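Residue numbers (this note's numbering), protein chains in the order written: chain D, 40 to 147; chain U, 96 to 213.
Hints are computed from structural coordinates only; laboratory data are not their basis.
Remember, it's a predicted structure, so these values are computed and weren't measured experimentally.
Please note that the accuracy of each hint is not assured.
[What the hints assert, rightly or not] Straight-line C-alpha distance at most 20 Å; calculated SDA-like pairs for lysine to any residue:
#1 LYS106(U) <-> ASP78(D)
#2 LYS106(U) <-> ARG147(U)
#3 LYS173(U) <-> THR201(U)
#4 LYS106(U) <-> PHE99(D)
#5 LYS173(U) <-> LEU191(U)
#6 LYS106(U) <-> GLY80(D)
#7 LYS120(D) <-> PHE99(D)
#8 LYS173(U) <-> PRO149(U)
#9 LYS106(U) <-> LYS120(D)
#10 LYS173(U) <-> GLY123(U)
#11 LYS173(U) <-> ALA97(U)
#12 LYS157(U) <-> VAL114(U)
#13 LYS120(D) <-> VAL114(U)
#14 LYS106(U) <-> SER161(U)
#15 LYS120(D) <-> LYS146(D)
[To be verified] To give an idea of the chain D side of the interface with chain U (calculated C-beta under 10 Å), a few residues:
#16 GLY80
#17 ALA123
#18 ALA128
No residue lacks a Cβ here, since even glycine has one placed at the ideal position from N, Cα and C.
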Amino acid sequence: GQSLEQPSEVTAVEGAIVQMNCTYQTSGFYGLSWYQQHDGGAPTFLSYNALDGLEETGRFSSFLSRSDSYGYLLLQELQMKDSASYFCAVRGPGKLIFGQGTELSVKP
Amino acid sequence: DARVTQTPRHKVTEMGQEVTMRCQPILGHNTVFWYRQTMMQGLELLAYFRNRAPLDDSGMPKDRFSAEMPDATLATLKIQPSEPRDSAVYFCASGLGSHRFDSGNTIYFGEGSWLTVV
């Protein structure tokens with residue numbers, strides 16, 4: 040089976056940097072994805088790591104260590120609009136399984 | 096602007112009634128997922144289809160739930176009879192996948208169907 044663990048909530052201030060972690064257990068691992076979901080909205084894709092290392096897209100970076108079954112999402116220059124839930128998701132054979140999500144609150 | 100379309104957006108129904116949710120995937124996408132989201136369970140995968148064939152519905156309560164793809168432009172999720180514990184947001188998502196589903200890397204979610212069973 041597959042399981043993912045994420046901290047339930049994180050609080051940070053505007054302009055700061057925040058890191059949200061994800062550990063996973065799975066068979067048939069293909070990669071780790073990150074999705075953002077605002078209250079009442081649909082999850083939207085942020086990034087994907089299939090190989091070890093850091094992927095950067097603007098203010099967002101995602102890291103994966105396959106040997107440690109661990110990844111994180113890094114948000115820089117936090118803005119109020121970044122307040123949302125962030126889900127890591129494991130890509131397995133044909134499936135995408137989501138963690139419980141980390142709720143990020145950005146304070147002024 | 097390609098997007099996944101779900102209907103209804105909101106549904107309130109009485110326990111015991113049949114509920115049917117519909118999804119139009121993005122044109123050209125060959126993989127369709129149904130997820131259910133609740134506060135307690137998060138995003139749960141209920142079922143998914145590749146090229147209209149059901150590949151995995153192990154996350155779905157078989158006694159009352161059924162999922163089908165009558166054609167490439169329509170996926171349905173049916174609950175009969177509905178129960179209060181089925182109250183949740185049901186998301187449909189679509190993507191491009193191979194037998195390993197490692198191409199594209201992205202799935203696109205619809206806005207969800209908010210179901211309340213009273």
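Could you tell me which of the hints above the structure violates, numbers in ascending order?
-> Numbers 2, 3, 4, 5, 9, 10, 11, 13, 17, in rising order.
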